[in-house]
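A.B. asks: Protein chains in written order, with the working numbering: chain L, 105 to 215; chain A, -19 to 94.
Quick caveat, the hints were computed from the structure, so don't treat them as lab data. Remember, predicted model here, so these are calculated numbers, not experimental data. Check each hint, because a few of them may be wrong.
[Claimed, not checked] Calculated cross-link-like contacts (lysine-lysine; reagent style DSS-like; alpha-carbon spacing at most 25 Å):
hint : chain 1 : residue 1 : chain 2 : residue 2
1    : L       : Lys113    : L       : Lys187
2    : L       : Lys161    : A       : Lys36
3    : A       : Lys(-17)  : A       : Lys36
4    : A       : Lys37     : L       : Lys113
5    : A       : Lys21     : L       : Lys187
If you want the building blocks of each chain, they are given just below.
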Amino acid sequence: DGGITQSPKYLFRKEGQNVTLSCEQNLNHDAMYWYRQDPGQGLRLIYYSQIVNDFQKGDIAEGYSVSREKKESFPLTVTSAQKNPTAFYLCASTLTGDIQYFGAGTRLSVL
Amino acid sequence: EDKVVQSPLSLVVHEGDTVTLNCSYEVTNFRSLLWYKQEKKAPTFLFMLTSSGIEKKSGRLSSILDKKELFSILNITATQTGDSAVYLCAVEALGHFGNEKLTFGTGTRLTIIP
């Protein structure tokens, strides 16, 4: 089955804890993206990567980190520096010039 | 800074009604405008518009782009309860480093009452 897989679906973070959200795609897409969605707001870009071992900050990168060691994988770490991490996180990927396809999302809450 | 504004923010109509959702934008280096439907989780792609005045149609949904006035509309005719969702408008632009960047609007929450 081709697609974008995000895990886990639900995640809880304790104060001061780093948590990592997984995003894997088997579509052979070059570019991958992380977005954050808050109620009443549109999707906001956190980080994106156009090729392996390279990534750029989006509009709201503070408190987050990423890596792109493999083409298929683009994990997002929500660090303890992110003071308001509760949100719905969406991962997307695309072939250059094509539309973005989205994973099912991870809902992160703070305990 | 690139900006995408959708209106209305929410809309409640009866089944069978026709609705029009609006999206206006201000971006540098416009490439395309996209509409997505988001029910509970991942947004699903509806339309990509690149040229002015050419209507794209898929069943009861249609969309058109006006690049002079910088807006797009999404029409849904004969609405059904399954059309209830958040409709997201996004504009793709060429970024400073030659990359393609999507800017999303806040979405329009559409509720269809049986």
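A.B. asks: Can you confirm whether the C-alpha distance between L/Lys161 and A/Lys36 stays at or below 25 Å?
C.D. replies: Cα-Cα ~33 Å, so violated.
A.B. asks: For a C-alpha distance cap of 25 Å, please report whether A/Lys37 and L/Lys113 respect it.
C.D. replies: Given that 25 Å is the threshold and the Cα spacing comes to 33 Å, the pair is violated.
A.B. asks: Check whether the Cα positions of A/Lys(-17) and A/Lys36 lie no farther apart than 25 Å.
C.D. replies: It holds: about 23 Å lies between the C-alpha atoms, which stays within 25 Å.
A.B. asks: Holds or violated: are the alpha carbons of L/Lys113 and L/Lys187 at most 25 Å from each other?
C.D. replies: 21 Å, holds
A.B. asks: A/Lys21 and L/Lys187: Cα distance at most 25 Å?
C.D. replies: 24 Å, holds
The structure shown violates the earlier hints numbered 2, 4.
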